[in-house]
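Q: In case you want the letters, here they are:
Number of protein chains: 2
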Amino acid sequence: MSEILDIAAALSRLLKAENVLLICHKNPDGDTIGSAAALYWALKGLGKTVAVLCADPIPSRYDYMDIGLYTGQFTPGYTVAVDVAGIQLFGDSIAEYTRRIDMCIDHHPSNSGYADCMLLDGDAAATAEIIYELLTAIGTEITPTIADCLYTGLSTDTGCFKFANTTARTHEIAAKLITAGASLVKLNNILFESKSRSRLAIERLALESLEYSFGGRCATVYLTKEQIAETGADGTDLEGITSLPRMIEGVEVGITIRQQPTGSYKVSVRTVTGVDASAICAHLGGGGHKQAAGCELLGSLDNAKAALLTEVEKALCKES
Amino acid sequence: MSEILDIAAALSRLLKAENVLLICHKNPDGDTIGSAAALYWALKGLGKTVAVLCADPIPSRYDYMDIGLYTGQFTPGYTVAVDVAGIQLFGDSIAEYTRRIDMCIDHHPSNSGYADCMLLDGDAAATAEIIYELLTAIGTEITPTIADCLYTGLSTDTGCFKFANTTARTHEIAAKLITAGASLVKLNNILFESKSRSRLAIERLALESLEYSFGGRCATVYLTKEQIAETGADGTDLEGITSLPRMIEGVEVGITIRQQPTGSYKVSVRTVTGVDASAICAHLGGGGHKQAAGCELLGSLDNAKAALLTEVEKALCKES
Numbered sequence: 001m002s003e004i005l006d007i008a009a010a011l012s013r014l015l016k017a018e019n020v021l022l023i024c025h026k027n028p029d030g031d032t033i034g035s036a037a038a039l040y041w042a043l044k045g046l047g048k049t050v051a052v053l054c055a056d057p058i059p060s061r062y063d064y065m066d067i068g069l070y071t072g073q074f075t076p077g078y079t080v081a082v083d084v085a086g087i088q089l090f091g092d093s094i095a096e097y098t099r100r101i102d103m104c105i106d107h108h109p110s111n112s113g114y115a116d117c118m119l120l121d122g123d124a125a126a127t128a129e130i131i132y133e134l135l136t137a138i139g140t141e142i143t144p145t146i147a148d149c150l151y152t153g154l155s156t157d158t159g160c161f162k163f164a165n166t167t168a169r170t171h172e173i174a175a176k177l178i179t180a181g182a183s184l185v186k187l188n189n190i191l192f193e194s195k196s197r198s199r200l201a202i203e204r205l206a207l208e209s210l211e212y213s214f215g216g217r218c219a220t221v222y223l224t225k226e227q228i229a230e231t232g233a234d235g236t237d238l239e240g241i242t243s244l245p246r247m248i249e250g251v252e253v254g255i256t257i258r259q260q261p262t263g264s265y266k267v268s269v270r271t272v273t274g275v276d277a278s279a280i281c282a283h284l285g286g287g288g289h290k291q292a293a294g295c296e297l298l299g300s301l302d303n304a305k306a307a308l309l310t311e312v313e314k315a316l317c318k319e320s
Numbered sequence: 001m002s003e004i005l006d007i008a009a010a011l012s013r014l015l016k017a018e019n020v021l022l023i024c025h026k027n028p029d030g031d032t033i034g035s036a037a038a039l040y041w042a043l044k045g046l047g048k049t050v051a052v053l054c055a056d057p058i059p060s061r062y063d064y065m066d067i068g069l070y071t072g073q074f075t076p077g078y079t080v081a082v083d084v085a086g087i088q089l090f091g092d093s094i095a096e097y098t099r100r101i102d103m104c105i106d107h108h109p110s111n112s113g114y115a116d117c118m119l120l121d122g123d124a125a126a127t128a129e130i131i132y133e134l135l136t137a138i139g140t141e142i143t144p145t146i147a148d149c150l151y152t153g154l155s156t157d158t159g160c161f162k163f164a165n166t167t168a169r170t171h172e173i174a175a176k177l178i179t180a181g182a183s184l185v186k187l188n189n190i191l192f193e194s195k196s197r198s199r200l201a202i203e204r205l206a207l208e209s210l211e212y213s214f215g216g217r218c219a220t221v222y223l224t225k226e227q228i229a230e231t232g233a234d235g236t237d238l239e240g241i242t243s244l245p246r247m248i249e250g251v252e253v254g255i256t257i258r259q260q261p262t263g264s265y266k267v268s269v270r271t272v273t274g275v276d277a278s279a280i281c282a283h284l285g286g287g288g289h290k291q292a293a294g295c296e297l298l299g300s301l302d303n304a305k306a307a308l309l310t311e312v313e314k315a316l317c318k319e320s
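Chains R and C are the protein sequences, given in the same order.
Residue 1 is where the first sequence starts when you use UniProt numbering, and the numbers rise one by one after that.
Residue 1 is where the second sequence starts when you use UniProt numbering, and the numbers rise one by one after that.
Check each hint, because a few of them may be wrong.
Copies of the same chain are indistinguishable here, so a pair counts whether it falls within one copy or spans any two.
[Claimed, not checked] Below 25 angstroms or equal to it, Euclidean Cα-Cα: the simulated SDA-like pairs (lysine to any residue) are:
id: 1; residue 1: LYS318; residue 2: ASN189
id: 2; residue 1: LYS186; residue 2: GLY288
id: 3; residue 1: LYS26; residue 2: ILE257
id: 4; residue 1: LYS176; residue 2: GLY122
id: 5; residue 1: LYS305; residue 2: ALA279
Treat the hints as calculated values from the structure; they're not laboratory data.
Please take these sequences and the hints and turn them into a complete structure.
A: Structural data, given as structure tokens:
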């Protein structure tokens, strides 16, 4: 297991580190990218050689962070995984860099402890909250760019301050980031107030496929690989759909099943308080948070659905 | 015009007031109700006789505020309009109480100054921000119920901290309200994370009626009174639709036209920064904020659309 660090200990190791490689999780979201980018700019500001590595491309909507990506320009001397709960989330294409991770900074209570040392705060709404405290401890100036990066992590992981993980601290940090110059209007428009035409198209198809189970307590949405290809929906469009079924009045478990190009099913489970999404997914080889988890299933769609609904039923019974 | 008050002056008048009638605007939203409710509980806590009046019913989703409504139980000695920008927003059915308004507390810069005196802060994201400062000045304990009321105003008027009116102060107050016991998870679920089946139905119809103008810079959605009746969509469902067309990638002006039971058209205009929604509506007898405004049009649908698009074109030209 990892050695557990506090902010001061993590700080002291980072200050000693040279040629730092910051590593995001695959299918990168706003928190892993925003947190890595903020740390990137802070370490760069301290004169360090640093770069960010991710198995998948950084979506273009995050271009404003202006991250320096790792392209082999130095031999990594210290590797820091940011917002990565387990080694399976790195992605195979960067395996040569993830065999040994020096430090992990994360807010997932389920973190497997794969890194040599770890700064973990399971109460933080986002890894960006931890990075904010780290940068404050360093005494780094929170530049407008760093504020943009951290605001991105904070706001995307909380669904713009809507999800159950949001705390007073989340809002306090948001206030400080706005004061530091975060481009609130621009970022909120990019992150939350804009839907591509492909997103609208896939949303309509999702609504058409909607099925209820357990007397309306569970809603399932299913998208074929052909539908995904036809609409041109990208990862962000599809990610957005996952919150849809759970939103429906009376629904306690919302499931989104997306057929992957390889034929396997990527499953996203979203639940209301009291129903444990991570338990549903853990039994199927996946994991995540209490209200948002996921897994990947193989075989026929009917079998996948049946397996899922069996776990959903158990979780709903446990609740009542 | 109204005498302009600061917090201290408003406070001193409120402390002297007896038999206070707090008045919301018609078609009440989270801010007018939440602000009035918070003030109601604070004045009640000071031992005053107080009640809340609104021309329209308070939607049941706000039941948790447990507001004491005015039913003629006392003769009003002091009337306070909360979040009401002009007298036309009171509603005719309560005209006997709105002929003279002693005080108005509001955050709309467009407030017409109809009240004897006014506590106006056009920089506040919501009237709830002003009420929070007022209650802090009184030294009222922010009980969990008051925190719920103010959080409702703050979060609904900012689209859960997404809209351009959100500031560092908004987040700071949100943090304080959470610390004071606002039921964040419950409220966010009620206010933002739940869609009725009728809302989903009306959303699908709205998407089907979508029309683009000016090369995709304007998107218009149209709902007939029959569609509204068939889906059973209520005011909240319909209100939610108004943000939809503006959200589409590339759209600068999003218009929602809802046919009213009387046949007139209720128009909601939402714009991106740089395009003035209130200017578009002001020319058509309406008004509102820079990014969110509205008006009501009579006559044929084609004429209504033509009049709207003429104003939209002017606003888009002004921008570029």
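Q: Take the hints in turn and mark each one as holding or not.
A: Hint-by-hint comparison with the structure:
When the C-alpha separation of LYS318 and ASN189 is checked against a cutoff of 25 angstroms, the pair qualifies only between copies, where the shortest distance is 21 angstroms, while the shortest distance within a copy is 39 angstroms. Taking the shortest Cα distances, LYS186 and GLY288 sit within 25 angstroms of each other only across copies (22 angstroms), while inside one copy they are farther apart (30 angstroms). Taking the closest pair of Cα atoms, LYS26 and ILE257 come within 25 angstroms of each other only inside a single copy of the chain (19 angstroms); across copies the shortest separation is 43 angstroms, beyond that limit. For a Cα distance limit of 25 angstroms, the shortest separation of LYS176 from GLY122 qualifies both inside one copy, at 22 angstroms, and across copies, at 22 angstroms.
Proximity of LYS305 and ALA279 under a CA criterion of 25 angstroms is satisfied intra-copy only: 16 angstroms inside one chain copy versus 52 angstroms between copies.
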